[in-house]
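K.L.:
I would like the entire structure built from these sequences, with the hints used as guidance.
Note that the numbering used here has the sequence shown beginning at 48, numbered continuously upward.
Since the hints were derived computationally from the structure, they do not count as laboratory data.
Predicted, not measured: the structure shown is a model, and the values here were computed from it.
Be a bit skeptical, because a hint or two may be false.
As the list claims (entries may be wrong) - Pairs of lysine to aspartate or glutamate, EDC-like flavour, derived with a Cα cap of 20 Å:
| id | residue 1 | residue 2 |
| --- | --- | --- |
| 1 | Lys150 | Glu139 |
| 2 | Lys117 | Asp256 |
| 3 | Lys121 | Asp180 |
| 4 | Lys121 | Glu56 |
| 5 | Lys258 | Glu139 |
| 6 | Lys60 | Glu106 |
| 7 | Lys60 | Glu254 |
| 8 | Lys150 | Asp186 |
| 9 | Lys121 | Asp162 |
| 10 | Lys137 | Glu99 |
| 11 | Lys148 | Glu106 |
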Amino acid sequence: MVFSSPPAEWALKQLRELTIGSLRQGPIPQHVAFEMDGNRRYARRHRMETVEGHHHGFEALARILEVCYKCGVKTVTVYAFSIENFNRPKYEVDGLMEMAKVKLEQLARHGDILDRYGARVRVLGQRSLIRPDVMEVVDRAVNMTKDNNLVALNLCFPYTSREEMTTAMRSTVEEYLSPPLPKSNPFSQSRITRNLLTKHLECMWPEFDLKHFIPVLLEWQRRQKQKARETSPLRAERSAKVHRVVA
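P.N.:
Now the structure itself:
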């Protein structure tokens, strides 16, 4: 029951829902990518174990997945673990792998986020480098969600470079959903491909939430509307020329 929740928590939840509803009134990108960066710095800042920082990073992923799917984003890609990360201390890598097993199974199980929103999991990266026990969980999550066709979650794990993953995603998405659009990195602004907009934010990934995502979406919507205004006169001009020829 709603009344069992503390008033402040209930009000915050209602505000989030109203905000998401407002964002849905404008254009929504079909594909958003996130670089999960800053877990270790977050742990150091809050004087906690590194693995605990990664735990908070996974919690941030669950939060933002729900936000994206509620907003109407069709594909979410996360740069979860690069090959270079294997060079970190063994205890940290092992702890992260164990956590990945638990969290991925949790995300994919019946009734959780991926099931509720009909999300299909795809893993992009050098699978041969993943531990067999972790790969077993990855394959299970992929198989559990293979019939979902409403939205998608791409896990770049482990990936060599963002550029290589972008190329792989483009070829995959072309046959499944839609081309990639904005990419949010919790850390200026520039075009890196024809459709991929990068937005750097001054926050660490475990802190990332709707309040950080709103400015990214609003900026993207502003650009889309501006692009529509710029192309409208051209369309009108072409239409007028066609009518004059027909007349």
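K.L.:
Could you run down the list of hints and mark each one as holding or not?
P.N.:
Comparing the hints with the structure gives:
1. Lys150 x Glu139: Roughly 16 Å separates the two Cα atoms, so the pair holds.
2. Lys117 x Asp256: At roughly 14 Å apart (the allowed maximum being 20 Å), Asp256 and Lys117 satisfy the hint.
3. Lys121 x Asp180: Answer violated: Lys121 to Asp180 is near 30 Å, above 20 Å.
4. Lys121 x Glu56: Distance ~28 Å between Lys121 and Glu56 Cα, so the pair is violated.
5. Lys258 x Glu139: violated, 30 Å
6. Lys60 x Glu106: The hint holds at about 17 Å.
7. Lys60 x Glu254: Given pair Lys60, Glu254 holds - Cα atoms ~18 Å apart, limit 20 Å.
8. Lys150 x Asp186: holds, 14 Å
9. Lys121 x Asp162: Holds - the C-alpha atoms of Asp162 and Lys121 are around 14 Å apart, at most 20 Å.
10. Lys137 x Glu99: Cα-Cα ~16 Å, so holds.
11. Lys148 x Glu106: holds, 14 Å
The structure does not agree with the numbered hints 3, 4 and 5 stated previously, though it agrees with the rest.
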